[in-house]
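Line order of the protein sequences matches chains A and B.
Number 101 in the working numbering belongs to position 101 of the first sequence; there are no gaps in the numbering.
Number 75 in the working numbering belongs to position 75 of the second sequence; there are no gaps in the numbering.
There's no promise every hint is true.
[Said to hold, decoys possible] The calculated DSSO-like cross-link candidates involving lysine-lysine, where the alpha carbons are at most 27 Å apart (straight line), are:
#1 B/LYS52 - A/LYS119
#2 A/LYS400 - A/LYS475
#3 B/LYS52 - A/LYS180
#4 A/LYS127 - B/LYS52
Since the hints were derived computationally from the structure, they do not count as laboratory data.
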Amino acid sequence: MKRRDFLKSVGLAGLGTMTAARWSMAVAEDGAKIFTMAHPAGFPDLSPATSFSNDGAIMANVYESLTRYIPGQGDQPAKVEPLLAEKWDVSPDGLTWTFHLRQGVKFHDGGDLTADAVKQSIEWTVKTAGGASFIWSPVSAIAAPDAATVVFTLSSPQPLDMIAASGFAAWIVSPTVLDKDNAWFNAGNGSGTGPYKMERYEPGQRCILTKNDGYWGKAPFFDKAVFAVVEDPVLLQSMIEGGDADWTYSLPYDNLEGLKAKPELTVVANASFQTLFGMYNVKKAPLDNLKVRQALSLAFPYDDVISSGTAGLGSRAKGVIPAGIWGHDEAAPIPKTDLVAAKALLAEAGVTGADLTMTFATGDNVESVAGELWKANLATLGINLTLQPMAWEAQWQLAKSDPAAAQDIFVMYWWPTYVTPYDYLFNLFHSEAAPNYNLGYYSNPDFDKQIDDAAALSGTDRTKAEAMFIEAQRKVITDAAAVFMLDLPNVHVIRSDLKGYVDNPAYGHVVFVSELSK
Amino acid sequence: MALARYLLRRLVLSVFVVLGVTMLVFTVAQVVPSDPAALYAGPRPTAALIAKARETLHLDAPLPERFLTFAHAMATADFGVSYKSRRAISQDLAVYLPATLELAIFSTGLALLIGIPSGVIAAARRGGLLDRLGGLSSIVAVAMPTFFLAMLLQGVFCQWLGLLPLSGRIGKEFSVIDPVPFVTGFMLIDTALAARFDAFRDAMAHLILPGLTLAAYPAGVAMRLTRSAMIEILERRHILAARALGLSEARILFGHALPNAVGPALTVIGLSFAYALTGAVLVEIVFAWPGLGRYVSEAILSKDFPVIAAAALVVTLCYVAMNLILDMVQALVDPRVALT
């Protein structure tokens, strides 16, 4: 054989084997029903006690909580739905909550879901004291009077049905794994009651879940759920377009129009529970002056930021609490962009010019667009806004230092750990001795009392609590403690042949895989 | 004997290099403004959780005590846990390091196989079509940003021709449906150990595009360096003598000229191997390759110092080892170089 012929043969053989490999893959995929999610970020912590990040997407399929939050939509009010608890009652003083457990539920390790297991699981989460375990802080004692009843005693009245529906730290875990540490869970182990079981976790690559054949609810359609970690947005898009992924998010807003035009893809956009805030430093001149803060809020280009930053998919923030959460105020007295009125207010305040610094997260395009457009508007009023992108850790450190030396405007998103207006209002605006998340340093004792009282009522008289939360929210708006930039949309791109997908913004970027089919 | 003495001397020197790096990383961790306790306490921690984390991590202990703890951890390769994920760092390295090494070794092999022979051929056909084509290709390979080359290769070989996989280390069939057991973390070795030759072929196919992308720069530089060194060597008298003796062209080029010309190219390729360990982050992102670069860049962004320190140590060791190997290979190949 001549050398040239030999090389030709080798080349052809190479091509042949590669083609064969791809063909055999497609055949294998037909056999097992696999659902693949392409995630733009990794899963840092798979311990159900301390998980408090993107890993919620995995947790929600392996573990279950006592209840689940269903957001309000249109005329339908928000509600809390039974999950591992079939029903629950609360004492008139709001201090004793009794949950009646679903019968016949088994953990992945074969053990029964009992009241004692629930008690041990929550006590373990509290004792681990990491992640979002603070949600259980109102609970002073848990009792299991019989196998199907769990009684929680609270130190102050709180909406425990909602706390139990949290997407973090509310997972019920089998008693057999409560002696394990984070490293064990993070090696891809676990035991919950969910429709899927942990099969394998390969850091930086994927987490694989297998169908739980003994699941108490509707049997899942997909045999396996794969959570692939893909950080490159171009690759994310290629995967969803090529059918290598069934679900993804975090694609650039500008590409969505093109994706909508493809019949094999569906772009699902709805409101999220994430609001973008610009917290004014009320401890530092000139923003210690109410009129200056009001002028700045009037100069914010709300509609332009929504159209340029989110391709029109975001929505106007109506104060602190986004739509879909009880306590949302559709008629909130929010300002509209009005540069003339802003100029007049600045004149009233005697401010003719100022240099302000706005800190925001490096690489966040929406925050960056908001800053740029606002800066342009403020320049016409003689205010120079310096945009300072920072890594979150550095931005937060600066804000937690001396308010007099800190930023003028702190930009960040907020989303609730569990769905209550108190989560937003307490963390962002309640007085703090040392700043933690109230990074505008707003302090108003009347406001503090009102939201504390409303929180105490929210377990027993939610209607009254809601009215109080709305009133308190209006105080924050009137005091211009922050500029409420926009409510971020949740945008997910899915394959069109996927059936049953509904986004639940209470569980950010979580897919309940057992509800889906093809 | 001379070799043993040489190795011993280099190893002693390496200890100082590693110690220096350890001290440097510790100093940087103290100087850079960050709060490890806040990171350890998780996203959105309460003030109480941060205080508890500070206690757990002994962050209030005196500086010398903390340095000793740190140095002990580094010396015993017990890197502790990542502040961010609380995963054992050694557990993470066991996954990320083999993935990176496999890609770096593969791409280095490609760079050697492409860069050096093409440099030799270009020098032999100086001024000819092959030389010009080689020159142009090497400029393109060196000048093209890696992420762009990566996307270009993906566009052509995955999306257009459909010949090679888009990303990852191995296809769904061998990672999800019927997984290949994890033994060494080197996909080619694990698939071979499991006697899964279809999986081996698939892993090899997954290596080609990221390997080519990473190999482009060192191959381009090696080609230029080999070519110019070869041109100089080919005009020497011993080559003339070899020609006069009637030796074949191939033997003259590869047997007599190349050993004298290959030194600089080997150095470049060797250093680019070490660079690929953490510097290939863009290639790793584009190909969703679970490598050390991605792992470290995430740690740097969140100031996760235990991870940064562990990675710095591992990479330093790899650099030291690579330099040593390079020196030895050069001595082996080039008769003019001696180990002293």
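Taking the hints in turn, this is what the structure says about them:
1. At roughly 24 Å between alpha-carbon atoms, B/LYS52 and A/LYS119 fall within 27 Å of each other, so this suggested pair holds.
2. With a C-alpha separation of about 24 Å, the suggested pairing of A/LYS400 with A/LYS475 holds against the 27 Å cut-off.
3. Of the pairs offered as hints, the one joining B/LYS52 and A/LYS180 holds, with about 20 Å between alpha carbons and a cut-off of 27 Å not exceeded.
4. Under the criterion of a C-alpha separation no larger than 27 Å, the hint pairing A/LYS127 with B/LYS52 is consistent with the structure, at around 12 Å.
The structure shown violates none of the earlier numbered hints.
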